[in-house]
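S.K.: Here is what each chain is made of, one letter per residue.
2 protein chains.
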Amino acid sequence: MARAHWGCCPWLVLLCACAWGHPKPADLGGQDVRNCSTNPPYLPVTVVNTTVSLTALRQQMQTQNLSAYIIPDTDAHMNEYIGQHDERRAWITGFTGSAGTAVVTMKKAAVWTDSRYWTQAERQMDCNWELHKEVGTTPIVTWLLTEIPAGGCVGFDPFLLSIDTWESYNLALQGSNRQLVSITTNLVDLVWGSERPPVPNQPIYALQEAFTGSTWQEKVSGVRSQMQKHQKAPTAVLLSALEETAWLFNLRASDIPYNPFFYSYTLLTDSSIRLFANKSRFSSEILSYLNSSCTGPMCVQIEDYSQVRDSIQAYALGDVRIWIGTSYTMYGIYEVIPKEKLVTDTYSPVMMTKAVKNSKEQALLKASHVRDAVAVIRYLVWLEKNVPKGTVDEFSGAELVDKFRGEEQFSSGPSFETISASGLNAALAHYSPTKELNRKLSSDEMYLLDSGGQYWDGTTDITRTVHWGTPSAFQKEAYTRVLIGNIDLSRLIFPAATSGRMVEAFARRALWDAGLNYGHGTGHGIGNFLCVHEWPVGFQSNNIAMAKGMFTSIEPGYYKDGEFGIRLEDVALVVEAKTKYPGSYLTFEVVSFVPYDRNLIDVSLLSPEHLQYLNRYYQTIREKVGPELQRRQLLEEFKWLQQHTEPLAARAPDTASWASMLVVSTLAILIWSV
Amino acid sequence: MARAHWGCCPWLVLLCACAWGHPKPADLGGQDVRNCSTNPPYLPVTVVNTTVSLTALRQQMQTQNLSAYIIPDTDAHMNEYIGQHDERRAWITGFTGSAGTAVVTMKKAAVWTDSRYWTQAERQMDCNWELHKEVGTTPIVTWLLTEIPAGGCVGFDPFLLSIDTWESYNLALQGSNRQLVSITTNLVDLVWGSERPPVPNQPIYALQEAFTGSTWQEKVSGVRSQMQKHQKAPTAVLLSALEETAWLFNLRASDIPYNPFFYSYTLLTDSSIRLFANKSRFSSEILSYLNSSCTGPMCVQIEDYSQVRDSIQAYALGDVRIWIGTSYTMYGIYEVIPKEKLVTDTYSPVMMTKAVKNSKEQALLKASHVRDAVAVIRYLVWLEKNVPKGTVDEFSGAELVDKFRGEEQFSSGPSFETISASGLNAALAHYSPTKELNRKLSSDEMYLLDSGGQYWDGTTDITRTVHWGTPSAFQKEAYTRVLIGNIDLSRLIFPAATSGRMVEAFARRALWDAGLNYGHGTGHGIGNFLCVHEWPVGFQSNNIAMAKGMFTSIEPGYYKDGEFGIRLEDVALVVEAKTKYPGSYLTFEVVSFVPYDRNLIDVSLLSPEHLQYLNRYYQTIREKVGPELQRRQLLEEFKWLQQHTEPLAARAPDTASWASMLVVSTLAILIWSV
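Respectively, the protein sequence lines represent chains D and C. Here our numbering runs 325 ahead of the position in the first sequence, where the first position is 1. Here our numbering runs 325 ahead of the position in the second sequence, where the first position is 1.
Treat the hints with care, since some could be wrong.
It does not matter which identical chain is meant; a pair holds if it fits inside one copy or across any two.
[Stated by the list, open to error] SDA-like, lysine to any residue: derived pairs with alpha carbons at most 20 Å apart: (1) Lys604 <-> Thr467; (2) Lys666 <-> His935; (3) Lys664 <-> Gly500; (4) Lys458 <-> Lys685; (5) Lys664 <-> Leu496; (6) Lys664 <-> Leu470; (7) Lys801 <-> Lys905; (8) Lys433 <-> Gln385; (9) Lys873 <-> Asp838; (10) Lys873 <-> Asn842; (11) Lys873 <-> Arg834; (12) Lys664 <-> Asn495; (13) Lys666 <-> Leu498; (14) Lys544 <-> Pro622; (15) Lys664 <-> Val466.
For the record, the hints were derived by calculation from the structure and aren't laboratory data. No experiment lies behind these values; they were computed from the predicted model shown.
Chain D with its partners taken away, still in its complex shape:
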């Protein structure tokens, strides 16, 4: 799945939004947008009246002596998907797009968002709000400098600004005689009041031992051992990404859409384990599982989620050094730790350890991909029969594949919102159909399905593109070039510790060769029942180097605006490569097991090496998925699988050219044998 939010954490949203080259937004029901220049202004019915809440917010700002207040689009953990009670920017503005920052002054209110959301913002915001078609902190600060007086204070919730974002605001405001003011009580929440959706409160559960790579005690010991080896000798690690705490303790919940996490922090010190979460959510079994009744170094003390800032501030009074991952720790934590007591790395040791799956985690992730392939194959077989009837649309299709996944063992829902896109919709970067707005699937169009599942043993993500009728020559060529890119990267042999960025162009070369390309990244890490976009693995410049045991998606694509979209995404394990001369080399082992669409492959574009790779992949699919289909009596699907994994032969050239090749061969023999 290639989306705006790479990684569990959306800190890359801008990068990806840009990479897509400002694609057009999905059709949101026409161009019925506000017009604030008429008197009275024209407002579509989709607009939210924000006058009352803005007035209330300005009262709160006055109480705090603020000239401006920043309302970001994040939550306190930089989650990729955020809960309804964290949708502050959406609530105060009316604009529900996933990316965009609001700033309110005593006289004006404004939103900054990227091109994907301009129309949506004009349909959802009333005339209290200016729309600024820019991103980043610089244009916001430029605007602030003209809008607020010298000496003015700019308030923000320190738990909603990352360290980097805070630094960029701070730098831009330096010397301007305007001051950033950190206010821990969120002013929007005060105004939102009782209307604010409640914070999720479902029970937190432990994974069964069968689904974990190590016990939480082993993981804790491993992190402590890294603390000891670190040259700056940190006395504690602070975990502020939800996936870090979920991974460390093998605990899960469902606070966040698509991610099985719960709101939490962990302060793991050399002598204690402090888990900050809502205490009431732990059953007595879980409390016992966590040794929470004792106070030794292997006992987990549960403290209230709301106490994290105060507790860290208190801990930081001692002779301590706190290790944090700076990419996803919020300023609200950072500002209470004295600089000389901080040990900073881009990613915490938990993030780094989690990135490399041990052999049990590898086996679990692979097993989930076999079952996931069954669900996708069932859906593809079903589509093949039903699309020609004209009764399938993108939305009902998405529902069905989600249902098939739900029927698989250990299923825990989809791992992201299914992208089910037919024809021209597949060329849109962030398209997902709705019940109201969708397109019928047809044998005359290509269809792109990008979907994945959460299973107790693993998280999956796969994209296939199919055509049930007669694709055009260009569609076949583009599809085959995307496929070649997938193969060229998947079979690449590269030195250990090579960064993904250095090799991702192998997924593009076959497209570049013809003047084609795609505007998104080439892949992302994936977790064991964790994030579908798991940092820090992948092919972007801020991903860490590849290592044995990592899993990454490989997903080149091609998008023809207004016509069709192609993406072929597999998940692959990084494994050791055997090379002719000894050395530490790696390659990929693909663990997604759904055949590509033969109807779209132009075999004449494939080299013998591509064909060999493809036929070996087919063989693997047969071996992995075939028995599973048979075991479950899915005989129609089994037959389909056999058909779609028949070895491909080199294209048969016409007889004339074979004859000429024969002549050449014969001549060559004659020449060279003399």
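Since the structure of chain D is provided, determine the placement of chain C on it from the hints.
M.R.: Quick look at chain C alone, frame taken from chain D:
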């Protein structure tokens, strides 16, 4: 040429030293090194006695109230090659290696350098000096904190620390109660006194119009236009790299080895042009060429080189904004400009403009490469005849190729110290032979020649590796894989504005495939009678994106420690690519015209595409160099060229396998035609 110093400026020295994976140093005459643990210490004759100069330096430090003094290895312009009068670290320590920082306290003195130079340092330094086998500022500061008392001052010459280096010292010392103190009078120079070699004082000359891409007036107007377009509206650009001033005014001199530059700065403002250099070096013709008698916006005012700091400080008092390239501007300039008056980019607009050659500059650079090929071919032909006689060694060979280049039209000497390396010496990263220490060339060994010339029209750099006898199968395989890497990158089609880093792995893939690799970068920019390593073009992560009109070297290699080294380096122009579907795509046009060694090519490893590329390249060489050889009656060389550019045919497999292929072909025809 792949060296430690990428770019005219050596700010990447550490990166490259690391990339080479700590190769063993060249043999410097055995392991006759100092032993400071005996009493009296053992000192080889190569050691320099530094007691007197150290005492004098400490007196100067005392006068300035310093606890420590830093002596870097750079000059004030971060030149790749530095003049003798700037060899302060070498003079005070005795250690002449090109990389290494010295620090002197009142009691101790120490040098930090990388593994290339450890033995050399132990042979050249007396026991006044500790040797620290580390690099970077962190170990230096760690040492300083134990060696100097709290409250102590660490002095440095602000013209010898880049902004980045100063920042890293400053950051590491923060909160330590030790202070960095900028001292503009260099203390080593005070001690060095009259023994210090004089600053070069040769006349500065203007390039003839035939050898320039634009007049200096056009270049000045172009930079001013970029100032106007810049959103921060700088009022001036400060040029502190020598190549910037040389390029801007089309002026040259010979202050620096291998680089035709003169010590200078330029402050180009919106209304004036101020050139800081030694006034006495300009003839009346040059003064007139520069319009130096007037004071208008297109008149060049010459000010004394030593005045630059004061003049910039005075200029910065006004309502101005000064644009600098932060990668190569020294702290001594930076510290006198108030932060709010700085406009910073990694590279100045001059660096960015110079990186893209206009059509005349392209033609000039290409022409210099044709003549350069003649010199190299003359040398290769001569070697072919003389190596079997056993009379050629690495040093005399290097002298000869330099001589042949010197006989070419417009020659202005070599563009770097010729790397002429036979057998195992070619596996060393920084090997150059000397008159005393060199190896005989032999038909039993491979020979690597990495050399280049300065010509009035262009700078060249080419590497060829040859074998006059019977190479081993492994040597042929490694050579052919290096060649494939060169071809795969050279013929790659990629989108405009792709960074070199994203595509350089294409030069490595064929090696990786077999478990082989090389430890240096894949290429660097090159100038028109400027730097042989011209920033900011190339394939490293800090190079800028590729654009039409840039020139870069492409130079994969393979090094077998203790046995042989292979490198195949060409210079290539970035040109527009014609793609099947329209788009903005680029590719490379190789402008080095010396055939590869057929004796080392294993044709069976080449694909039909590689053969096609190679044969087209051969054809180009014949067209470009053939007529030049004929015109100059170099008939033996012409004949050699024809032989070495005969089209290569696909390898003839043995008859048995051809027969079986015939059977397969026939069967295929029978099968597919039914």
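S.K.: For every hint, state whether the structure bears it out.
M.R.: Right, here's what the structure says about each hint:
In this assembly of identical chains, lysine 604 and threonine 467 lie within 20 Å of each other by CA distance neither inside one copy nor across copies; the values are 44 Å within and 45 Å between. Taking the shortest Cα distances, lysine 666 and histidine 935 never come within 20 Å of each other, neither inside one copy (54 Å) nor across copies (57 Å). For the homomeric pair lysine 664 and glycine 500, the shortest alpha-carbon distance between copies (10 Å) is at most 20 Å, but the shortest distance inside one copy (22 Å) is not. Within a single copy, lysine 458 and lysine 685 get their C-alpha atoms no closer than 48 Å, and across copies no closer than 41 Å, so neither meets the 20 Å cut-off.
When the C-alpha separation of lysine 664 and leucine 496 is checked against a cutoff of 20 Å, the pair qualifies both within a copy, at 17 Å, and between copies, at 12 Å. For the homomeric pair lysine 664 and leucine 470, the shortest alpha-carbon distance between copies (19 Å) is at most 20 Å, but the shortest distance inside one copy (29 Å) is not. Taking the closest pair of Cα atoms, lysine 801 and lysine 905 come within 20 Å of each other only across two copies (15 Å); inside a single copy the shortest separation is 35 Å, beyond that limit. In the homo-oligomer, the alpha carbons of lysine 433 and glutamine 385 lie at most 20 Å apart inside one protomer (15 Å), although the nearest pairing across protomers, at 62 Å, exceeds that limit.
In this assembly of identical chains, lysine 873 and aspartate 838 lie within 20 Å of each other by CA distance solely across copies; the values are 17 Å between and 31 Å within a copy. Proximity of lysine 873 and asparagine 842 under a CA criterion of 20 Å is satisfied inter-copy only: 19 Å between copies versus 29 Å inside one chain copy. Proximity of lysine 873 to arginine 834 under the C-alpha cut-off of 20 Å is restricted to the inter-copy arrangement: shortest distance 19 Å between copies versus 25 Å within a copy. Taking the shortest alpha-carbon separations for lysine 664 and asparagine 495, both the intra-copy value of 16 Å and the inter-copy value of 15 Å come in at or below 20 Å.
Within a single copy, lysine 666 and leucine 498 get their C-alpha atoms only as close as 26 Å, which misses the 20 Å cut-off; across copies the closest is 15 Å, which meets it. When the C-alpha separation of lysine 544 and proline 622 is checked against a cutoff of 20 Å, the pair qualifies only within one copy, where the shortest distance is 13 Å, while the shortest distance between copies is 68 Å. Only between protomers do lysine 664 and valine 466 lie at most 20 Å apart by alpha-carbon distance; the minimum there is 18 Å, versus 26 Å within a single protomer.
Hint check: violations occur at hints 1, 2, 4; the rest are consistent with the structure.
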